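All chains, please: the whole structure from these sequences, using the hints.
Given next are the chains, with one letter for each unit.
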Amino acid sequence: MFPRPIAQRSQAAQWSYAALLPIALILWLLPLLGIAMTSIKPASDLASGNYFGLPTHPAFENYWSVLFDFDLWRYIRNSFVVTIPTVIGAVALSCLTGFALGTYRFKGNLLIFFLFVAGNFVPFQILMVPVRDLTLRMGIYDTPQALILFHIAFQTGFCTLFMRNFIAALPRELIEAARVEGVAEWQIFWHIVLPLMKPAIAALSVLVFTFIWNDFFWATVLTTSADTRPVTAGLSSLNGQWVAAWHLVSAGSIVAALPPVAMFFLMQKHFIAGLTLGAVK
Amino acid sequence: MTALPDAHGPKRSWWRANQQRLTPWLFLAPGAFMFAVYVIYPIAASFQFSFYDWDGLSPKTWVGWGNYAELWGDRNFIISLKNNIIWLVLYMLAVPAGLGIAIFLNQTVTGIRIYKSLFFFPFVISQVVVGLMFTWFYAPNFGLFFKLTEWLTGTGTAVLANPEYATYGIIAAGLWPQIAYCMILYLTGLNNVAPDQIEAARLDGARGLKMLWYVVLPQLRPATFIAVVVTVIGALRSFDLVSIMTGGGPFGQTRVLSYYMYEKALSEYGYRMGYGAAIAVVLFLIMMVFITGFVWKMVRDERGR
Amino acid sequence: MLRNPIITGLALSAALLGATSAIAQQRVLVFNTDTSDPAPKAAFEQLIADFEAENPDIDVQVNLFDHEGYKTAIRNFLTADSPDLANWYAGNRMKPFVDAGQFMDVSDVWSDNGLNEKLASAESAMTIDGKQWGVPYTYYQWGVYYNKSVYDQVGAKVPETYDQFVENCKLFKDAGIDCLTTGTSQMWPAAGLFDYFDLRTNGYDFHMQLTNGEIPWTDERVRNTFAAWNKLVEPGYITANAAAIDWQDAAALLSQGKAANYVMGNFAVATFKDGGLTDETLGFFPFPTINPDVARAEDAPTDTVHIPAGAKNPEDAKKFLAFLARADTQTKLNEALGQLPVNNESTVNQDDPFLSQGFTMLSEASGLAQFFDRDAPAEMAASGMEGFQEFMAYPDNLDDILNRLESDRQRIYK
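Respectively, the protein sequence lines represent chains E, X and P. Here full-length UniProt numbering is used: the first residue of the first sequence is 1, the next is one more, and so on. Here full-length UniProt numbering is used: the first residue of the second sequence is 1, the next is one more, and so on. Here full-length UniProt numbering is used: the first residue of the third sequence is 1, the next is one more, and so on.
In case anyone wonders, no lab produced these hints; they're calculated from the structure. Careful: at least some of the hints might be erroneous.
Said to hold, decoys possible - Under the rule of at most 25 Å between Cα atoms (straight-line distance), these lysine to any residue pairs were calculated in the SDA-like manner:
(1) X/K116 x E/L258
(2) X/K116 x E/A12
(3) P/K41 x E/D71
(4) X/K60 x P/E379
(5) X/K60 x P/Q410
(6) P/K273 x E/L46
(7) E/K107 x X/I40
(8) P/K41 x E/Q11
(9) E/K269 x X/A97
(10) X/K116 x E/L46
Quantities reported herein were computed from a predicted structural model and do not represent experimental measurements.
So this is what it looks like as structure tokens:
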């Protein structure tokens with residue numbers, strides 16, 4: 001193990017490590033703690049200049065206010081409306097493409113695979129004008145479908161990379177054996193490969209959920225109204241109304257961050273497995 | 001798993017003979033179609049738009065290389081380009097910083113798992129929220145950072161109002177989640193470092209930095225590769241933070257190409273779609289240099305398997 | 001529309017993804033508006049309720065947009081999903097839409113309802129190619145808002161001339177108060193300052209020629225404008241770090257007595273009052289005279305409602321415009337907005353000292369400018385405001401700024 005386990009070191013080293021950990025964490029999360037603290041301050045605290053002290057009383061009504069007086073709940077709902085179908089769509093499509101690229105050897109396999117990989121790195125801006133134009137011409141501008149379709153297509157690049165590598169690492173003997181028995185190809189996919197892909201599907205779902213939830217750029221390009229804008233773009237417009245009301249900005253930020261954070265803590269193992277794919281080979 | 005009995009019709013047998021060849025294409029079709037429509041075609045279309053003058057309302061007019069010629073003399077474009085380079089260089093700090101934190105946290109004391117997740121936490125948060133947090137942190141007159149500089153030097157520094165510091169202020173905000181990302185990549189990598197090699201090196205008397213450099217880092221190469229890839233991409237994509245924190249200001253000094261492009265093409269005072277497309281093409285070509293490098297290395301690894 | 005098979009296929013799958021188009025009522029008016037701030041929001045809700053009460057068979061559906069986001073959104077919805085009515089602004093700001101055929105010619109609404117007389121003051125700002133393209137419903141004055149308590153505290157008098165204003169600034173500075181506050185993170189407040197320095201230094205005609213691109217930015221007269229402005233910048237009489245401050249944050253400084261004056265539009269009164277000022281402690285005066293030989297002109301931006309060319313229900317939309325132009329409607333709407341009606345048969349709430357002062361000021365003005373970012377074309381407005389913002393932080397960069405604006409001018413007004 002690197003570095004040398006602290007347990008093998010002197011007592012003093014162990015103690016100072018134990019003391020250093022929480023201090024480092026607090027420093028690391030300082031902006032977050034500040035926002036969390038601000039989010040439960042009553043407006044009067046900020047007006048009277050109490051920016052850094054403890055709140056005079058915890059004002060949880062700030063959360064109520066951003067959710068219902070400023071309709072943040074609607075943006076949250078919109079985010080779910082966009083995110084959930086995208087996760088399903090992108091994962092489903094990439095199971096198919098990943099299977100095709102991971103199990104079959106055919107001419108153009110690598111070329112197609114790397115086209116997906118390269119597309120995944122492309123700057124969004126090169127897509128912006130044409131995608132916006134396309135969306136307008138399809139008549140779905142400023143609807144959840146506009147975002148869902150685009151996100152599915154774009155995430156397919158990343159998801160294919162992931163799925164293909166996962167499937168390629170599965171034992172080939174299983175597939176060969178089934179073929180010898182005369183099992184149809186789609187049945188091999190459905191009955192043999194898909195059940196083995198469950199961990200990959202879980203990992204990808206969590207990751208794609210977070211990516212899509214946190215998307216801001218496409219939300220501003222493809223949606224405009226409060227009925228369709230996801231929470232990131234919603235927060236940015238509300239920010240325009242909340243100038244100087246940092247207790248509301250903070251509460252809104254925390255609410256907007258909550259779903260992916262919850263997802264992360266609940267599905268941590270899958271999340272990290274997804275993110276670090278390829279980092280260990 | 002069940003192998004269904006086959007019906008032996010003539011059609012069936014044609015399919016049977018060819019299904020190995022055709023199946024991958026059928027499986028690829030839906031994903032490839034979506035990808036072609038939403039990624040491949042728009043890239044080509046952007047190249048085409050960049051030769052037109054178009055406000056999104058009236059018909060397009062052909063201007064040839066006009067947009068590119070204008071870019072050359074556009075001071076804001078030069079500023080954006082310069083800032084993109086600053087972003088690229090400074091963003092790279094996320095890689096060693098992530099490694100440092102990973103090494104710091106790679107222990108087995110009680111509760112370390114919770115520490116690891118909490119350190120990783122910033123990556124999960126949307127950049128919009130990160131941007132708002134740091135705007136608050138830097139806010140003139142009452143921000144924590146402003147107060148801190150006021151206490152240290154006597155006059156507070158309003159980072160985001162200062163054309164010299166503002167870009168660095170935004171990059172610092174961007175580094176926060178990026179370091180967390182690199183950290184988690186390295187933590188996983190460290191987990192997989194071969195313990196016997198470490199022990200052998202230890203017996204040879206290698207320790208500290210020497211051990212890190214000669215024994216550990218070579219084994220972390222895959223993690224480093226991914227960390228560099230995601231950091232480069234992240235640096236060139238930097239849009240959210242600039243948009244939330246400064247909107248390109250003060251007086252346009254924090255613009256980056258990705259933001260300037262949006263500004264020219266879609267913002268209140270913009271609507272020059274063709275000009276925006278030309279900026280996007282330049283950004284794309286810069287990115288292409290990196291993408292080609294990454295993909296080339298990946299292809300090599302793939303072939304070497 | 002869907003000639004391309006790929007697009008048809010995608011649209012189809014989009015529809016399958018669940019386009020939920022509810023079965024709508026027979027006569028619906030879709031109204032896209034940016035009146036998201038509390039006071040305008042309430043005023044428009046009342047306006048629409050009144051209209052629906054008069055026309056029970058029409059259902060007005062409002063899409064409320066964030067004020068800043070709307071400026072981007074309008075382009076998209078005009079070409080994609082046209083409402084029947086949309087808010088916008090008069091002057092050069094509506095020109096791109098008129099040129100591109102996105103706004104409907106509503107000259108008939110004007111002639112049928114005698115609006116050419118009733119809305120005479122805004123007619124020129126609404127006319128392009130001899131036709132009217134929308135209905136103005138409100139405008140508001142710009143000027144100097146000040147904190148009376150702070151004036152009393154340092155013993156300053158309300159200035160008539162700019163020299164007196166600068167004198168006062170010394171008093172405020174000694175008391176540790178910002179003489180003039182502003183927050184230019186959204187840039188336009190800087191444009192308000194420029195407008196007034198230019199209108200007072202060089203007059204209305206010059207200002208219009210400048211925003212029309214007929215005068216070089218390197219002209220000596222433009223330099224005079226900035227020289228006047230610099231009398232506040234150089235000695236540090238303007239709030240520091242304005243570039244990172246939102247206009248509302250700066251308004252809070254005025255309310256808290258940390259600043260004395262603010263060059264603003266009348267819409268800011270609500271924000272000042274939210275911050276604790278009242279009719280007794282908040283004052284207003286017209287921007288002071290710089291050059292006594294120049295006739296006083298004012299900034300008075302006009303807000304308007306238009307019918308997009310793609311409107312699905314133009315008949316009822318015109319009915320709405322006629323309703324909106326009516327004297328009684330404008331009286332009531334502007335009372336709620338706290339602004340001035342355009343219809344000259346409307347009445348102004350005399351209990352509101354700011355409105356009555358503004359009304360007098362505008363009726364005595366030699367000319368009404370719309371606002372820098374409405375008088376100048378969008379690109380010029382953007383680079384101009386960036387330059388103004390920079391000037392306030394780095395007045396020494398003036399030569400550089402003016403050279404840049406001049407080269408932009410030569411490119412933009414080709």
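Hint check results:
1. X/K116 x E/L258: Roughly 19 Å between the alpha carbons, so the hint for X/K116 and E/L258 holds.
2. X/K116 x E/A12: 23 Å, holds
3. P/K41 x E/D71: 15 Å, holds
4. X/K60 x P/E379: 18 Å, holds
5. X/K60 x P/Q410: Distance ~22 Å between X/K60 and P/Q410 Cα, so the pair holds.
6. P/K273 x E/L46: 18 Å, holds
7. E/K107 x X/I40: Holds - the C-alpha atoms of X/I40 and E/K107 are around 20 Å apart, at most 25 Å.
8. P/K41 x E/Q11: 66 Å, violated
9. E/K269 x X/A97: Status holds; Cα separation ~23 Å.
10. X/K116 x E/L46: Roughly 33 Å between the alpha carbons, so the hint for X/K116 and E/L46 is violated.
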